[in-house]
Amino acid sequence: MPRVLVLFAHPRLEKSRTNQALLRRFPKHKDITFRDLYESYPDFNVDIRREQNLLNQHDVIVWHHPFYWYSAPPLLKQWIDLVLAFGWAYGPGGKALTGKTVFQVLTTGGPSQAYAADGFHGWTMEEFLRPMQRTVTLCHMHWIPPFVVHGTNLLGDAELERYAARYADLLVAFAEGRASHKHVEGMATLNELMPLDRP
Amino acid sequence: MSSFLSDAVIYLGAAVLCVPIAKRLGLGSVLGYLIAGMVIGPFAMGFIGAEGKDIMHFAEFGVVIMLFLVGLELEPELLWRLRKQIMGLGLAQVALTAVLLSALSLLVGFYNWQAGLAAGLALSMSSTAIALQSLKEKGQMQTDAGQSSFAVLLFQDIAVIPILALLPLLAIGPAHTPVGAEGIDALSGWQRTLLVLAAVAGVIIVGRYVVVPLLRLVARTRLRELFTASSLLVVVAVAALMELVGLSPALGTFLAGVVLANSEYRHELESDLDPFKGLLLGLFFMAVGASINFDLVMARPGMLISVTLGVMAAKILLLSVIGRTARLGPDQNMIFSVGLGQVGEFAFVLLSFIAQLRILDTLWTDTLMAVTAMSMTLTPILMLLTERFIGWKYSEQAIEQREPDAIHGRNRVIIAGFGHFGSTLGRLLRANGVQATILDNDSDQVDVLRKMGFQVFYGDATRADLLEAAGARDAEVLVCAITPEAAPELVDTVHKHFPDLKLLVRSRNRMDAYELMDQGVLHIYRETLDTAVRMGVDVLKELGQRHYSAYRAGQNFIKYDQAALKDLASKRRDTGDYITSVREKIEEQEALLQRDQGHDPAHGDHAWNSEEMREALGKN
Chain P
1 MPRVLVLFAH PRLEKSRTNQ ALLRRFPKHK DITFRDLYES YPDFNVDIRR
51 EQNLLNQHDV IVWHHPFYWY SAPPLLKQWI DLVLAFGWAY GPGGKALTGK
101 TVFQVLTTGG PSQAYAADGF HGWTMEEFLR PMQRTVTLCH MHWIPPFVVH
151 GTNLLGDAEL ERYAARYADL LVAFAEGRAS HKHVEGMATL NELMPLDRP
Chain C
1001 MSSFLSDAVI YLGAAVLCVP IAKRLGLGSV LGYLIAGMVI GPFAMGFIGA
1051 EGKDIMHFAE FGVVIMLFLV GLELEPELLW RLRKQIMGLG LAQVALTAVL
1101 LSALSLLVGF YNWQAGLAAG LALSMSSTAI ALQSLKEKGQ MQTDAGQSSF
1151 AVLLFQDIAV IPILALLPLL AIGPAHTPVG AEGIDALSGW QRTLLVLAAV
1201 AGVIIVGRYV VVPLLRLVAR TRLRELFTAS SLLVVVAVAA LMELVGLSPA
1251 LGTFLAGVVL ANSEYRHELE SDLDPFKGLL LGLFFMAVGA SINFDLVMAR
1301 PGMLISVTLG VMAAKILLLS VIGRTARLGP DQNMIFSVGL GQVGEFAFVL
1351 LSFIAQLRIL DTLWTDTLMA VTAMSMTLTP ILMLLTERFI GWKYSEQAIE
1401 QREPDAIHGR NRVIIAGFGH FGSTLGRLLR ANGVQATILD NDSDQVDVLR
1451 KMGFQVFYGD ATRADLLEAA GARDAEVLVC AITPEAAPEL VDTVHKHFPD
1501 LKLLVRSRNR MDAYELMDQG VLHIYRETLD TAVRMGVDVL KELGQRHYSA
1551 YRAGQNFIKY DQAALKDLAS KRRDTGDYIT SVREKIEEQE ALLQRDQGHD
1601 PAHGDHAWNS EEMREALGKN
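If you're matching them up, the sequences are chains P and C in order. Mapping of the first sequence onto the working numbering: position 127 corresponds to residue 127, and the numbering continues sequentially without gaps. Mapping of the second sequence onto the working numbering: position 387 corresponds to residue 1387, and the numbering continues sequentially without gaps.
Read the hints as simulated data drawn from the structure, not as lab findings. We put the beta carbon where it would ideally sit given N, CA and C, even for glycine. All clues stand as given, with none of them false.
DSSO-like mimics (lysine-lysine), calculated; alpha carbons at most 30 Å apart, straight line: (1) P:K100 <-> P:K30; (2) C:K1541 <-> P:K77; (3) P:K30 <-> C:K1541; (4) C:K1559 <-> C:K1541; (5) P:K15 <-> C:K1541; (6) C:K1559 <-> P:K77; (7) C:K1502 <-> C:K1136; (8) C:K1136 <-> C:K1084; (9) P:K15 <-> C:K1559; (10) C:K1393 <-> C:K1496; (11) P:K77 <-> P:K15; (12) P:K28 <-> C:K1541.
A short, non-exhaustive set of chain P residues, derived as facing chain C with CB atoms under 10 Å: (13) P11; (14) R17; (15) T18; (16) S40; (17) Y41; (18) P42; (19) D43; (20) P73; (21) G109.
Produce the complete structure using the sequences and hints provided.
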């Protein structure tokens, strides 16, 4: 069974309605590990050995974070800089992560239409995520598109709950092998795998 | 009237003139006072005459106040912990010294063993005034040598009482009636014991249940001079009571000090009595200097000098044997035995009593008093030489050690003071490949560090020549982690002699920090700030706050508090300086708490608050 590691990064979760909702329904599953990076490393002093051990024990890595300034909160970047080490994750002899799968779970204030060539931001999510994509493939892992909760500033409570349920379903599906990088060919986001209107 | 004024002018003038010169020459204040006394004494300039002895009697009160202050700094638990040292070291010192000196005195031709024993007992006393004053001045009270010295001195204070009781038994011929012996001597043995116990219990009970409420009452009047008067009253009353029941006043006030050590007025008592102690001790030392009978010295110089040196050699030798059995390191042992090697002020008391009892003739008691005064004068010089010798030994070793890595040149960092604070800092630097030169005045500590391969210098870090030897001219950074009391002096020395050295100073609290700011120190580290904030952050975490939010709140608080410190420092001067340090602290606390109400721990973190964004967009 593939095991899922969720690395959650939010500098002020207590002020984030959306992420609180997503985490409230987080599945309790023996093959899903949840890690709260800002809670573990308030001083940004990431324990490299420990994080690498965790990566070794999991097949699917999820970076769950708000899409701040088309990127991630600084602690996740710190984590990437330190943990994906030369000679371990990439470079000569750096094969530790080979074959694993990485995807992001993102929350954005703007609606999905804004992320298009003719939209407000002018590029698609996939285009914005190129640096992440290359980071993942450089480390010999499979990059797959993100699961995105769009328009959080305008989202109603009921809709938010539906997102939270789909996110939980998604994690369980990956944990139990019902979803993998092979199932997502041609998709723009993982939302397509988990339609909101599904029962 | 006019004679009182002119006497005051002579004493004060001599002190003001001689003490700074002695200090400048590195001789210490004790020696300065002694020399001042000799200069104005009947045998040199003759400004003061025979009344020197009376003044000495009066000035002995300085020793009494000093022991009260020593008691104030000692909590009862510490005293209990020292009990073995007090009984073991102290008893060994007094008994062995008395026996050895009695034997020696018989050899030089004393008439009988009684005379020998009496002289031996008197000469076994050391000078609390000189030893404690010097140890404190050098910040060595907490070292092994300091604690052992203290234990021995305390035992001697206690021992004076039975010795005074014993002396009449040694008298063979008809004695003068001893002064002041009527009241208590009229009582039988067990009655006397009972009285003494009652007096001690009285001091403890009155100290706890009467003095503290009284001080509280006085403090409420907000009259500073009244508080000073009450402090003096406490000490004088206890001393008088002790004299009444035949106990040593010094011992009694020491006990009173211990009782008050846990009270909230400890610091106020300390700061109020300190000037009196200093003045009276100074007067006492001057009286000792003036009392040296130079006529006697001139008449039999060889004899006097050889007796003085012989007595001191015997005492130092025995002390070092005792120090060795107590497992003092060689350097600590040297400080211990030289520090206590003189004959102390109690000898004056015992010798005059011996003279009254006619155990010894006046020629001998006068001689021994001169010996006592001379040994007290020699002690500061010997201590200075010891200090320099140990310092020289370590600097030699430091230079030897340096040779292998001479290519790297001198260390770029000097750490002054390697206690809990300095050592933590030093370990951090060392873990990061930075070798620092260390200055410390605990020779045991220095020994250990040297074995660990540190470059260490022994001695008083406020001295410019020691800093020079440690390479202050080539170093870039000096970390000052010595006791906060001594830090300002170090700052002055550095500003004056090594202006290019970057100075980072540890302070204990805000009060220390203010003083350092006034001196123009830019980098001040309050040891209470970061730890308290870190602990507070953990409390917030325990209460369920997000760790990162709590962490940022802590970081922001440090910044905010440092800004508040600067701000309050500039306003502080308006309050007038008569308010006591304790009251100052409370007012300061109040100002801080008021200011805190305007402080927002999450200030500037709006970017992460999506709720605000939601509200703003919802309103559009």
